[in-house]
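**Q** If you read the protein sequences in the order shown, they are chains A and B. The letter at position 40 of the first sequence is residue 280 when you use my numbering, and the numbering goes up by one with no holes. The letter at position 16 of the second sequence is residue 20 when you use my numbering, and the numbering goes up by one with no holes.
Hints should not be assumed to be uniformly reliable.
Said to hold, decoys possible - Distance windows between CB atoms, simulated:
| # | chain 1 | residue 1 | chain 2 | residue 2 | range |
| --- | --- | --- | --- | --- | --- |
| 1 | B | Ala272 | A | Leu310 | 49 to 59 Å |
| 2 | A | Ile282 | B | Leu185 | 22 to 32 Å |
| 3 | B | Lys271 | A | Leu310 | 42 to 52 Å |
| 4 | B | Asp88 | A | Thr300 | 40 to 50 Å |
Said to hold, decoys possible - Derived DSSO-like pairs: lysine-lysine, alpha-carbon spacing no greater than 30 Å straight-line:
| # | chain 1 | residue 1 | chain 2 | residue 2 |
| --- | --- | --- | --- | --- |
| 5 | B | Lys103 | A | Lys285 |
| 6 | B | Lys139 | B | Lys90 |
| 7 | A | Lys285 | B | Lys89 |
| 8 | B | Lys103 | B | Lys90 |
| 9 | A | Lys285 | B | Lys189 |
| 10 | A | Lys285 | B | Lys90 |
| 11 | B | Lys103 | B | Lys84 |
| 12 | A | Lys285 | B | Lys106 |
| 13 | A | Lys285 | B | Lys196 |
Simulated from the structure, these hints should not be mistaken for laboratory data. On a predicted model such as this, the values are computed, not experimentally measured, just so you know. The C-beta atom is built at its ideal place from N, Cα and C for all residues, glycine as well.
Chain by chain, the residues:
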Amino acid sequence: MDRGIIALGAGLAIGIAAGLGGLGIGVASSRAFDATARQPEIAGKIQSLLFIAIVFIESTTIYALVVSLLLMFVFS
Amino acid sequence: MLVILNYFQAFGKAFLDQLKSLLPGQSNLSDGITELLDFGARFYIKIGGYAIPISDTLISLWIAMILMAVLGIWLGHKPKDIPDKKQTVAELLVGGLQKLCKSSGLNEQQTREVVPFVGTIGIYVLVANVISVFKLRPPAQNPAFPVALALFDIIYVLFMGFRFVGLKGFWGSISQPLPALVPFKVLDYIIKPVSLAFRLFGNIFGSYILIEFVSLVIPLALPAVLGLWFDLADGIIQALVFVYLTITYVGEIVEGAESAREIKAEKAKAKALKLAAKKNTVEPTSTN
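Build the full structure now, drawing on both the sequences and the hints.
**A** Encoded structure:
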């Protein structure tokens, strides 16, 4: 198939996923910092919850990374 | 001022020239990349009529296993009443895992049963990821390793869930908010290993490709700096995430079963109260 189209698809996939994932992590951590500032005594708990949330958000971006790597190396 | 500017211009030009002289040497850059993606066997061991393929992944895993065994035996060797340095480290690891288990809803007995397996998986993934510091291929960049690990993990989670809460409790944890959602909850147990495998594979494979690509193009100093994050920190984080998710999955089943039992008890109580109230309201009218 046309390699240019495949490269475009791979770039778009990772670009959109990374952008939206970054947005999600930003929202999550800003709320977590708000909560920490309001209630510093449960900072540890908020931190661990934030950690899980970020891992889950990040994993969706990593699926896109896998897809774009597959596009680049397997289908081209 | 002008001298400094000229100096930097000359430096930039020389650097670019260097890059350009490097690149034609690697004119077949895509060949270099495709060579990295070769998961095939290096050599074969012939036993009887069978030839067992030995790939890079397997060799890295064997080295990781030896390292893990040495680390484990060294850390757990001859425990004393007054802990020295290495025993403090071991106790810190086990204590952290126990705290994690308890915070996700397991009790004392269950924690004691879960910690050894989860700790083993954690150290295994950690060593297998960090091994790429020694310029070996990390095992997780071959999809076979994460997929096998995730399947093994989810079978363990289901087994422990059944053992802790029984068949009835497991059904309760599945059908807890609404019985109509049972198919989706069952689907969840298929998606969980897929997501575990993809997360590990994507992270390690992506960082491996990036590091190798950078060291093909700019082999000077930059790969070392990037490797600090992509080999060390990312490997440790992924191992931590794997352990955390395993514990959370077991804890989910246990907590779901408990809350289902509580809801059932509450419903029975409410029913009894209603019946009693009905009796009370009926009785006066009948006596009158």
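**Q** Would the pair A/Lys285 and B/Lys106 pass a check requiring their Cα atoms to be no farther apart than 30 Å?
**A** 14 Å, holds
**Q** Please work out if B/Lys103 and B/Lys84 have their alpha carbons no farther apart than 30 Å.
**A** Holds, because 22 Å separates the two Cα atoms, which is no more than 30 Å.
**Q** Check the hint pairing B/Lys103 with B/Lys90 against an upper bound of 30 Å on the C-alpha distance.
**A** Cα-Cα ~20 Å, so holds.
**Q** Taking 30 Å as the top limit, are the C-alpha atoms of A/Lys285 and B/Lys89 close enough?
**A** 28 Å, holds
**Q** Can you tell me whether the CB distance of B/Ala272 to A/Leu310 sits inside 49 to 59 Å?
**A** For B/Ala272 and A/Leu310 the Cβ distance comes to about 53 Å; the hint holds.
**Q** Verify the proposed pairing of A/Lys285 with B/Lys189, using a straight-line Cα cut of 30 Å.
**A** 27 Å, holds
**Q** Hey, B/Lys103 versus A/Lys285, does the alpha-carbon distance stay inside 30 Å?
**A** Roughly 12 Å separates the two Cα atoms, so the pair holds.
**Q** Has the given pair, A/Lys285 with B/Lys196, been kept, meaning a C-alpha gap of at most 30 Å?
**A** 24 Å, holds
**Q** Just to be sure I understand the hint, the distance between the Cβ atoms of B/Lys271 and A/Leu310 should be within 42 to 52 Å; is that true here?
**A** 49 Å, holds
**Q** Does 22 to 32 Å hold as the CB distance between A/Ile282 and B/Leu185, or does it fail?
**A** Cβ of A/Ile282 to Cβ of B/Leu185: about 31 Å, so the range 22 to 32 Å holds.
**Q** Are the Cα positions of A/Lys285 and B/Lys90 separated by 30 Å at most?
**A** 28 Å, holds
**Q** Taking only the CA atoms, is the gap from B/Lys139 to B/Lys90 under or equal to 30 Å?
**A** 27 Å, holds
In summary, the structure agrees with every hint in the numbered list given earlier.
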